[in-house]
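All chains should be built: construct the whole structure from the sequences, respecting the hints.
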Amino acid sequence: MTATAPDGARSFRWRRRSVLPGFGLSLGYTIVYLSLVVLIPLAGLGIRSASLGWTQFWAIAFDPRVVQALQLSFGAALAAAVINTVFGVLVAWVLVRYRFPGRRWLDAAVDLPFALPTAVAGIALATLYAPNGPFGAILDHWFGIKVGFTPLGVVMALIFVGLPFVVRTVQPVLEEIDRETEEVAATLGARRWRTITRVIFPALLPAILTGFALSFARGVGEYGSVIFIASNLPFQSEIAPLLIVIKLEENNYAGATAIATIMLVISFAMLFVINLLQAWSRKWFGHE
Amino acid sequence: MSETAQTRKVRRAIGEGPATRIVLIMVALVFLGLMLIAPLLVVFVEAFGRGIGVYLQALALPDTMAALQLTLLVAVIAVPANLIFGVAAAWLITKFDFKGKSFLLTLIDLPFAVSPVVSGLIFVLLFGANSALGPWLEDNNIQILYAVPGIVIATIFITFPFIARELIPLMEQQGSSEEEAAVSLGASGWRTFFQVTLPNVKWGLLYGVLLCNARAMGEFGAVSVVSGHIRGLTNTLPLHIEILYNDNKAAAAFAVASLLAMLALVTLAVKTLLEARFAGEIAAQRRH
Amino acid sequence: MRLTIFALAASVALAACGGQSSTGGNEISLLNVSYDPTRELYEEFNADFSATYKTPSGKTVMVNMSHGGSGKQSRSVIDGLPADVVTLALQNDLDVIAKETGKIPTDWRTKLPANSSPYTSTIVFLVRAGNPKNIRDWNDLTLPGVGVITPNPKTSGGARWNYLAAWAYASKQFPGDEAKVKEFVGKLYKNVLKLDSGARGSTVTFTQQGTGDVLITWENEGFLTLQEEDGPKYEMVYPSLSIRAEPPVAVVVGNAEKKGPEQLQAAEDYLKHLYSPAGQRIVAKHFYRPNDPTAADPADVARFKQIEMVTVDDPIFGGWPQAQPKHFDDGGVYDQIFTAR
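Residue numbers (the numbering used here), protein chains in the order written: chain A, 1 to 288; chain B, 1 to 288; chain C, 1 to 341.
Each hint should be verified, as a subset may be incorrect.
[To be verified] When the alpha-carbon atoms are kept at most 35 Å apart in a straight line, the in silico DSBU-like pairs for lysine-lysine are as follows:
| # | chain 1 | residue 1 | chain 2 | residue 2 |
| --- | --- | --- | --- | --- |
| 1 | A | K283 | B | K202 |
| 2 | C | K285 | B | K249 |
| 3 | C | K272 | C | K258 |
FYI, nobody ran anything at the bench for these hints, they're computed from the structure.
If you want it as structure tokens, here you go:
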């Protein structure tokens, strides 16, 4: 990956002039802190997996069990992120725009998946959705859907851990949206649906994309809650982070870092694409 | 919040019909009920299942107190550190246009994409006895891994992007015209920031701090790798919960977990307080 | 202002770190890094040791505990967790520390009696009350429709004993026919509903979540479960043949030595105390089989059923140094069972 990746800024120079001060300070601070906390430690990961050499690296990457685990982790995270985006935006909308009894409590509960240690969440979900748990039994009996100990359970856990990302990124933007534009659109005779799709949605889009990306990225790496609700059997519901833990137990640091690196590179690429998409959407919808 | 006749009129003009509204609220309630509230109920039911006596006993254990202290200490260091970074990064990204912005943004997101299991691992690779730094640390009797500094560093890494990620979509949505006006009227950069930007982003900042704090206190996976699990010394609340659970003290484990769940109540309190404090200002914003 | 808060926080942190490493003048502290199911055992044993033991210069000894999966604990010690003694689930986990760090002498098994295993245990079944699926022995676990719960051998030490016990039984059924043995164990693992990361996790899956018909577990874990409030909902079944699990202990000489000769002495005496009559009594009380049954309470010893047991040093395994790579390393027999289906 090169440092001169296109970013969508339509500038001829390295940066466009701005009347605002603080570019040097904020850039310097951001880069130094980023390097110390994130980049240097992550470099260690790259170095460890580089010690493998290409043939060994590819052997691990294309091991059927690893491929299956990566597919499950990314697939489940994607499904969970899509569900979270749809319902997360809806929840944010309801929390910001409507007043109903219990709204504040619901609002507060949204942070819960972060505060609750993932293991506790996993145990609670497994209790509910295990084949003989209250929800699991109903789903199994009436619909023949098995959640506990299946890939569906994995998706369920990832919905739980990723939900606050969508709600909490959309919510502040929704709170700040200028009601005036909506009002204007309404008085100009625009239908409500049209106002939503043409006025509100474009303003929300960057936040929605961010929420989706973060929920997705978080889901890919999640371990603590998933191992309680998945069966963890190879080729059934064994997630990639579990394989990393297994390699570590085998004292196979190189193998573990190899899987970690693959996950990191794919996640990074997806986040990068979404960030580009965001920059594009800002321009497209003519936002400043 | 008291509604003026005017806001009510505006809401009617630009809002949805009552039927749509009720349907949306119901969908949100059912979704949150199944995904968030039900697991939360499990936690509280299990916590109080053996009576309030067991509950209070679990909280009063010396190990619980030690874990609580450590958790608070870690949050008190990690959250402000990431707060300063978050504000600097958000200023840089939203107020200036420069090449490589999307790339930088993706680098900031990176810790989300790293599995908690791997987040712990990278610090083991960096500070462990087999690392480049390891022998030097050992000779100088500096214990980073399996001691408080390691736990703090891992937590900072895990919660690194939260505040920045909360502020960026919001500040993007707001644009920089107000700041530009302030600067061109002769205000200094710092003054512009404190008097124009900060009031505008206070909700995003608040969400960011709350989320960052919740995650800092609730993080399990990464901390588990670097903690060493020494009872009464290096166990945070989530690790202590695991220990209690594995001690066959499920009720006590859930009691401590409910303590973390109550962090959501802190969110509620802070928001209510701020809403009351800024009630006039919010109403003004809604009107303008 | 934020900077001052930060500075304040940092100084608090430094103070906390400083406070942590210092120990009082009349007390030294040992760190015992152990595996999961030994919590109750060491809680009582440490109290007994602290109450009765004084170092030659008259100091009392406080013991800090760290519990976790055996393999994970072993790795933490390799990466710098300053353990004075390790009391883990498998010989292999100590061998790795010895090999990678040199902090444990490679001949550690000879330093204490009984291959440095002050207590043993075995692998049993836990079934639901009344034994509705009529599970009596290992072959019942391979029947279709029997839900088996056992932890993941990759992450749990206990799970490796479970696997080896099943392997030992099959080896007696099909002597010399490894393909058949593999098929048997494969059939058993096909019946597994969920692989938890540790023994206690599997117990919870079996009990609280009511999943599965049979739990394969440590004998001590089985007794503990029966002792719980809802214990009457389960029954313990001894298979006709099982394995003698020998959890080993050793002083991490490299770590203890650094803190002075007194520390090393205390660590050695701590482990020796496990072999003393008082230690053996506590061991038996917590459902581990004592080396010296005469020292323990006869009522405690009477709980253990005498069954046929093989050890890992039996020719079918050839000791841990052979069994570990053959069965559990990447691509080993355990992995082949799953890729074969």
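Against the structure, the hints:
Proposed proximity of K283/A and K202/B is supported: the alpha carbons are some 26 Å apart, at most 35 Å. Simply put, K285/C and K249/B have alpha-carbon atoms about 19 Å apart, close enough for the 35 Å limit, and the pair holds. A distance of roughly 21 Å separates the Cα atoms of K272/C and K258/C; the hinted pair therefore holds under the 35 Å criterion.
Checked against the numbered hints above, the structure breaks none of them.
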